[in-house]
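Asks: Sequence:
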Amino acid sequence: MDAPPEAGEDVRPFLKVAAYLRDLELSAPEIYAADETNGFLILEDFGRDLYDVVCARKPHLETELYDAAVDVLIHIASSTPLDGAADYGPLMTDLALSCYRWYAEPVLSHDMSSEREAARTVLTPLIAALGHGRVTILRDYHAQNLLWLPDRAGPSRVGLLDFQDAMLGHPAYDVISLTTDARRDVPVEVQKRCLARFSDGLNLNPVDFNREAAICSVQRNLRILMIFARMSLHFSRPHYVDLIPRVWGHLQRDLDHPDLSSLAHLIRTHLPEPTKETLQCLKEKCGTIPTLQ
1 MDAPPEAGED VRPFLKVAAY LRDLELSAPE IYAADETNGF LILEDFGRDL
51 YDVVCARKPH LETELYDAAV DVLIHIASST PLDGAADYGP LMTDLALSCY
101 RWYAEPVLSH DMSSEREAAR TVLTPLIAAL GHGRVTILRD YHAQNLLWLP
151 DRAGPSRVGL LDFQDAMLGH PAYDVISLTT DARRDVPVEV QKRCLARFSD
201 GLNLNPVDFN REAAICSVQR NLRILMIFAR MSLHFSRPHY VDLIPRVWGH
251 LQRDLDHPDL SSLAHLIRTH LPEPTKETLQ CLKEKCGTIP TLQ
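full-length UniProt numbering puts the sequence shown at residues 1 to 293.
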């Protein structure tokens, strides 16, 4: 790993979370050598069998791979949380609602502050009322950050990458990240199996868990919607726009939960659907917003 400090990188969070995961006997890469000052790490090589590659090549293994990935999350959620980790709290709701600025405003060409605040009044108490405590969440837990290591046993068959941004959050967060993947379509039956396996593994009430998972997923997918639009408008990476329809589809399924009807009405009324015209608008304005403020 080459993460130069002069580029704003810091390898220390990666080292800390990697040590935490290895202490849990999970497959975070071994650190063979570390130069924290200059941002150099020599890591264990897990090979090239990323989940999305294996599932494309051997679709009959998909259920086994996703079961193992869920078992990792059950193990983490059942363990002592990462010491000193920040809380996935109100800031993330702010980022989620920034989709009004980064996604809706460039398309609709008018200020969306009042619509954003209307959504905040509904979403904030939903997030605040989430139960089930706080566990370590890896946050980018999806098929392009997981590797299949079939020669290992149990949850250690899952090689873990890109976990340096770990925080404390709701138990549902990472299983939602796994099943509502922004970059690949996870079969509906696999999604349902993962959620059931996770809630059963932690002895959670499935009705309560599925409701709270839908709330977490709404917050997460609104944030991703913002990020992908911003990647085009500010960072000049228009290919992220092509991922927006899948994220929108996940969001709509989340909003179908009967307890989210008020929020669903606001979002479906105020946020534009990712039509061909909407996506083209975001691409045409690629790189035209120079600041993140």
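In short, the hints are calculated from the structure, not lab data. A few of these clues could be false.
[Stated by the list, open to error] Simulated DEER-style distance windows between Cβ atoms: (1) GLU6 - GLN280: 15 to 25 Å; (2) LYS285 - VAL207: 38 to 48 Å; (3) GLU30 - PRO59: 28 to 38 Å; (4) ASP2 - VAL207: 42 to 52 Å; (5) THR275 - GLU117: 21 to 31 Å; (6) ASP165 - ASP49: 38 to 48 Å.
These numbers were taken from a predicted model, which means no experiment stands behind them. Even glycine gets a Cβ: it sits at the ideal position worked out from N, Cα and C.
Asks: Run every hint past the structure and note whether it holds.
Replies: Here is what the structure says about each hint:
1. GLU6 - GLN280: 15 to 25 Å: violated, 37 Å
2. LYS285 - VAL207: 38 to 48 Å: About 43 Å separates the Cβ atoms of LYS285 and VAL207, which means 38 to 48 Å holds.
3. GLU30 - PRO59: 28 to 38 Å: Roughly 31 Å apart at Cβ, these two residues keep to the hinted range, so it holds.
4. ASP2 - VAL207: 42 to 52 Å: holds, 47 Å
5. THR275 - GLU117: 21 to 31 Å: Holds, since THR275 and GLU117 (Cβ atoms, about 26 Å apart) stay within the stated range.
6. ASP165 - ASP49: 38 to 48 Å: violated, 23 Å
The structure fails hints 1, 6 (numbered hints given earlier, in ascending order).
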